Amino acid sequence: MSARKSALRYAKGLVFLLPLAFLGVFFVYPLLTLFDISLRPDGALDLSAFARLMTSDYYLNTLLFTVYQALVSTVATLALALPCAYVFARYRFPGRSLLLSLATLPFVLPTVVVALAFSAVLGERGLLNDMLRLLFSLDEAPLQLERTLAIIIIAHVFYNFSVALRIMTGYWSSLGFHAEEAARCLGANELAVWRDIRLPVIRPALLSAGALVFIFCFTSFGVVLILGGVRFSTLEVQIYYQAVSIFNLPLAAALSLVQIVSMLVLLLVYTASQRRLHLPHDERSAHSVRPHTRRERAAIAITVGLMSILLFAPLAALVWRSLFLAGHLDVSGYTSLAEKTRASLLFTTPLEAVFNSLRFALIAASAALSLGTVASIMIKRGDAWTRLVDPLFMLPLATSAVTLGFGFIVALDEPPLDLRSSWAIIPISHALVALPFVIRSVLPSLRVIPPSLGEAACMLGAQEFARLRTIDLPLASRGLVVGATFAFTVSMGEFGASLFVAQRESVTIPVVIYRLFGHPGLASYRQALAMSVILMLVCAGGFLIIERLRGAGVGEF
Amino acid sequence: MLRVSEVSHAYGRLESLRSVSLQVETGEIVCLLGPSGCGKTTLLRIIAGLEENYRGQVTLDGQDIGGAPAHQRGFGLMFQDFALFPHMSVADNVAYGLRRRGVRASLIRQQVAGLLEKVGLAGMGARDIASLSGGQKQRVALARSLAPRPRLLMLDEPLGSLDAQLRDQLALELRGLIKEQGLSAIYVTHDHREAYAVADRIAVMDVGSIEQVDTPLALYRRPGSAFVARFLGMRNVYAINHSRFIHELSRRAMAGANDGETVLIHPSGIRLGGSPASRTMLSEAVLQSIVFRGDYYDVSANAGGDTMLSFAASQVSADVGATVTVAISLDAVMTLRR
Numbered sequence: 001m002s003a004r005k006s007a008l009r010y011a012k013g014l015v016f017l018l019p020l021a022f023l024g025v026f027f028v029y030p031l032l033t034l035f036d037i038s039l040r041p042d043g044a045l046d047l048s049a050f051a052r053l054m055t056s057d058y059y060l061n062t063l064l065f066t067v068y069q070a071l072v073s074t075v076a077t078l079a080l081a082l083p084c085a086y087v088f089a090r091y092r093f094p095g096r097s098l099l100l101s102l103a104t105l106p107f108v109l110p111t112v113v114v115a116l117a118f119s120a121v122l123g124e125r126g127l128l129n130d131m132l133r134l135l136f137s138l139d140e141a142p143l144q145l146e147r148t149l150a151i152i153i154i155a156h157v158f159y160n161f162s163v164a165l166r167i168m169t170g171y172w173s174s175l176g177f178h179a180e181e182a183a184r185c186l187g188a189n190e191l192a193v194w195r196d197i198r199l200p201v202i203r204p205a206l207l208s209a210g211a212l213v214f215i216f217c218f219t220s221f222g223v224v225l226i227l228g229g230v231r232f233s234t235l236e237v238q239i240y241y242q243a244v245s246i247f248n249l250p251l252a253a254a255l256s257l258v259q260i261v262s263m264l265v266l267l268l269v270y271t272a273s274q275r276r277l278h279l280p281h282d283e284r285s286a287h288s289v290r291p292h293t294r295r296e297r298a299a300i301a302i303t304v305g306l307m308s309i310l311l312f313a314p315l316a317a318l319v320w321r322s323l324f325l326a327g328h329l330d331v332s333g334y335t336s337l338a339e340k341t342r343a344s345l346l347f348t349t350p351l352e353a354v355f356n357s358l359r360f361a362l363i364a365a366s367a368a369l370s371l372g373t374v375a376s377i378m379i380k381r382g383d384a385w386t387r388l389v390d391p392l393f394m395l396p397l398a399t400s401a402v403t404l405g406f407g408f409i410v411a412l413d414e415p416p417l418d419l420r421s422s423w424a425i426i427p428i429s430h431a432l433v434a435l436p437f438v439i440r441s442v443l444p445s446l447r448v449i450p451p452s453l454g455e456a457a458c459m460l461g462a463q464e465f466a467r468l469r470t471i472d473l474p475l476a477s478r479g480l481v482v483g484a485t486f487a488f489t490v491s492m493g494e495f496g497a498s499l500f501v502a503q504r505e506s507v508t509i510p511v512v513i514y515r516l517f518g519h520p521g522l523a524s525y526r527q528a529l530a531m532s533v534i535l536m537l538v539c540a541g542g543f544l545i546i547e548r549l550r551g552a553g554v555g556e557f
Numbered sequence: 001m002l003r004v005s006e007v008s009h010a011y012g013r014l015e016s017l018r019s020v021s022l023q024v025e026t027g028e029i030v031c032l033l034g035p036s037g038c039g040k041t042t043l044l045r046i047i048a049g050l051e052e053n054y055r056g057q058v059t060l061d062g063q064d065i066g067g068a069p070a071h072q073r074g075f076g077l078m079f080q081d082f083a084l085f086p087h088m089s090v091a092d093n094v095a096y097g098l099r100r101r102g103v104r105a106s107l108i109r110q111q112v113a114g115l116l117e118k119v120g121l122a123g124m125g126a127r128d129i130a131s132l133s134g135g136q137k138q139r140v141a142l143a144r145s146l147a148p149r150p151r152l153l154m155l156d157e158p159l160g161s162l163d164a165q166l167r168d169q170l171a172l173e174l175r176g177l178i179k180e181q182g183l184s185a186i187y188v189t190h191d192h193r194e195a196y197a198v199a200d201r202i203a204v205m206d207v208g209s210i211e212q213v214d215t216p217l218a219l220y221r222r223p224g225s226a227f228v229a230r231f232l233g234m235r236n237v238y239a240i241n242h243s244r245f246i247h248e249l250s251r252r253a254m255a256g257a258n259d260g261e262t263v264l265i266h267p268s269g270i271r272l273g274g275s276p277a278s279r280t281m282l283s284e285a286v287l288q289s290i291v292f293r294g295d296y297y298d299v300s301a302n303a304g305g306d307t308m309l310s311f312a313a314s315q316v317s318a319d320v321g322a323t324v325t326v327a328i329s330l331d332a333v334m335t336l337r338r
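Residue numbers (the working numbering), protein chains in the order written: chain A, 1 to 557; chain B, 1 to 338.
Hint data in this document are derived by calculation from the structure and do not stem from the laboratory.
Everything numeric in this text was worked out from a predicted model, so none of it was measured.
Every residue, glycine too, gets a C-beta built ideally from N, C-alpha and C.
Just to be clear, a hint being listed does not mean it is correct.
Cross-link-like lysine to aspartate or glutamate pairs, in silico, EDC-like; alpha carbons within 20 Å at most [unchecked claim]:
#, chain 1, residue 1, chain 2, residue 2
1, A, 340, A, 464
2, B, 179, B, 211
3, A, 380, B, 200
4, B, 179, B, 117
5, A, 340, A, 330
6, A, 380, B, 51
7, A, 380, A, 464
8, A, 380, A, 455
9, B, 137, A, 455
With beta-carbon atoms standing in for the labels, derived distance ranges [unchecked claim]:
#, chain 1, residue 1, chain 2, residue 2, range
10, B, 69, A, 338, 58 to 64 Å
11, B, 135, A, 541, 51 to 57 Å
12, A, 261, B, 18, 39 to 45 Å
13, A, 474, B, 18, 53 to 59 Å
14, B, 233, A, 7, 41 to 47 Å
15, B, 19, A, 474, 41 to 47 Å
16, B, 19, A, 394, 41 to 47 Å
17, A, 398, B, 18, 55 to 61 Å
18, A, 394, B, 193, 49 to 55 Å
19, B, 18, A, 35, 50 to 56 Å
20, B, 18, A, 7, 36 to 42 Å
21, A, 11, B, 182, 52 to 58 Å
22, A, 422, B, 127, 51 to 57 Å
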């Protein structure tokens, strides 16, 4: 082999190592540092932090509450999504696919936006309370939902409804309805059909969706922190509180460890439940029908109405609240974005945060896209050791953002990697969070390219790089756009890690919204609302791009 | 020109090629004929340079090309699924190989237009791949693999995905084009009629090995083994002691026929009816089935109660179950390798 050839091969190897190096430095190393801090706070093995966790009722209660609220949220989500999924799978009706696609919108909305939207509709200053007060001429707000478990759970249902709906609808329509038609002919009534046919049939999808929703609620941070406050402290909130407010790093690290282990267990459960979903589907029976009876039409109307209220009322209230004050148009929230609110603990104006966010999102999306594309190409080549690499790149998805952010500030705070006070730490953390999304969008679109295309190009004289440039990447372009958009949207809305790493001048929109919302006074509240609307619009734009392209069968989400 | 010497290949522990040797002369079309899974595509991919883990040698004009990567061999390969690039126009597909060689743009335009005309797609260069019919796609794939003037053209079941009517016509066109360009070619197919029409020589493959290499006519007249005979659609293959009828027939046809040998009665040597003639054996047989095929009938008849004879007849006047006279030419009886 000539020297040039072998140099080329080395260069290729180095490029492939880039994503792994990125993961190693910015994911594995911070996590190891967390382990170190929790297990050896002063250099020697010291399990006192864990001992405190185990023996203190307070922390045990934190864990129990985390599980409890996730469980209640999951059950509520499934209970609502199950009948809706049946209606969506069974019947054809106008607006069905539009609604099904719009239902995914909350999934890409940042937690701060959701939290503010719910406070805008259900909170003390919320639309519902305003209306009730007006209606019954009350002085006090009749609904006291802010800082209750109820509002957290409602927000969780809003967030996860679409995930559960999609999984169950997809599974149900692929199974078809011949079994329940047969049961009906054999004399089963509606109740018996649910009990004997529908529930047993949908069970695998129900379990899989339940596991996924539980994971999301278990790691929910922004919603709990903003809507619940310190009173409702989950593991995530507690890590943040211990690390940032009390500065008890060993304890926070120990909590992170508990969080990581719980997540791994939950993911194993989810993966196992998902494996059972791959049944041989009978495509021919996957026919939905038009509703015939009045009862069927009523069921559809109720489903559509309920979903519309759940999905759009909070967002509409958010927009309304940001534009109107006591019934009059008041856009002061928007016009004052260039001003620094007095004593708001912010070093920048909100507008600067918007520019920060856009800048960071562009950088993070570019980084995640390049690294994710290289990683996808590497995984697709399918050498033996890449089978180990594939799940490795999914790990950031399984690690909560708070843990990531915490790991960043404790690990990357001294030379040679002193990024603590650099703005670069923000796009880096966002790129890490976005990387799994990029890979899950790019990899499938690379995998569907028939291998014969690359071989044909090869026979026509194209070497490896030319094949990538002229065949693979152009054919995967939709996946690349979806991946980049995902990364951009994820970065724009990222909250948990940013709260740790965003410093002084380099704060992002979600962080500013959180600060403004927590600050007393109408002016900062209105600014928070305006910022939330802006963020929502940006993310909804990203969502539109993703949905448009995903309609063409791109991506695994 | 091309010589494949004792090439072996395995997928994991599954042996797919066992010491296969093959030669292709300049300007010759060699057909690889065999059932699916016999290794013909694997052999093609080894020659193309797409399959790397094999033992044995591939030489071109005496030079070992085993170390050359596929994109430097200058061979053309037409894929079974055509492997057209869906994101490029017809013209861009055809131009692809020329672009990779750095040919001037004006020259590329000229050559692409010429090739498209040659394959009957003149003026369709701007068309989208998705808008083409199966036959048109086949032509684009052909034009694309011809464009860089390959030293050797390989075609992997190029007509496999087309319907039968189109196949007969395109097989002739393909042969014409390859001959016109003076190319050496390897043509993979599982259809012996297609191979007869296209090939100068046919290499019949059984699982993992080449059974026989011959011209189409020689192959038809004298299949070398039971497998080859059966694969060419000849059904009258028997062990010599299959029945008293076969034993007797073989003794009369061939003086030194041994026990344990396999015997073929070539279908061209069996006729319905007839009078005694030299080197012909007449026999009674009961008609078992008569299938109308248009130009002829497929007839099977039972001779001696235990020997099924299959042959073609231009006319059948009796019905199934009737006893007829069958004339077998002794020159059509031959021994086969098992």
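Evaluation of the provided hints:
1. 340/A to 464/A: Roughly 54 Å between the alpha carbons, so the hint for residue 340/A and residue 464/A is violated.
2. 179/B to 211/B: 26 Å, violated
3. 380/A to 200/B: 41 Å, violated
4. 179/B to 117/B: 17 Å, holds
5. 340/A to 330/A: 19 Å, holds
6. 380/A to 51/B: Since the Cα atoms of residue 380/A and residue 51/B sit roughly 18 Å apart, the hinted pair holds (cutoff 20 Å).
7. 380/A to 464/A: Roughly 14 Å between the alpha carbons, so the hint for residue 380/A and residue 464/A holds.
8. 380/A to 455/A: Within the cut-off at roughly 15 Å; holds.
9. 137/B to 455/A: 17 Å, holds
10. 69/B to 338/A: 58 to 64 Å: For residue 69/B and residue 338/A the Cβ distance comes to about 60 Å; the hint holds.
11. 135/B to 541/A: 51 to 57 Å: Given a distance of about 45 Å, which is not inside 51 to 57 Å, the answer is violated.
12. 261/A to 18/B: 39 to 45 Å: 53 Å, violated
13. 474/A to 18/B: 53 to 59 Å: 41 Å, violated
14. 233/B to 7/A: 41 to 47 Å: 56 Å, violated
15. 19/B to 474/A: 41 to 47 Å: 42 Å, holds
16. 19/B to 394/A: 41 to 47 Å: 45 Å, holds
17. 398/A to 18/B: 55 to 61 Å: For residue 18/B against residue 398/A, whose Cβ atoms are near 48 Å apart, the range 55 to 61 Å is violated.
18. 394/A to 193/B: 49 to 55 Å: 52 Å, holds
19. 18/B to 35/A: 50 to 56 Å: 55 Å, holds
20. 18/B to 7/A: 36 to 42 Å: 39 Å Cβ-Cβ, so the 36 to 42 Å window holds.
21. 11/A to 182/B: 52 to 58 Å: 41 Å, violated
22. 422/A to 127/B: 51 to 57 Å: 54 Å, holds
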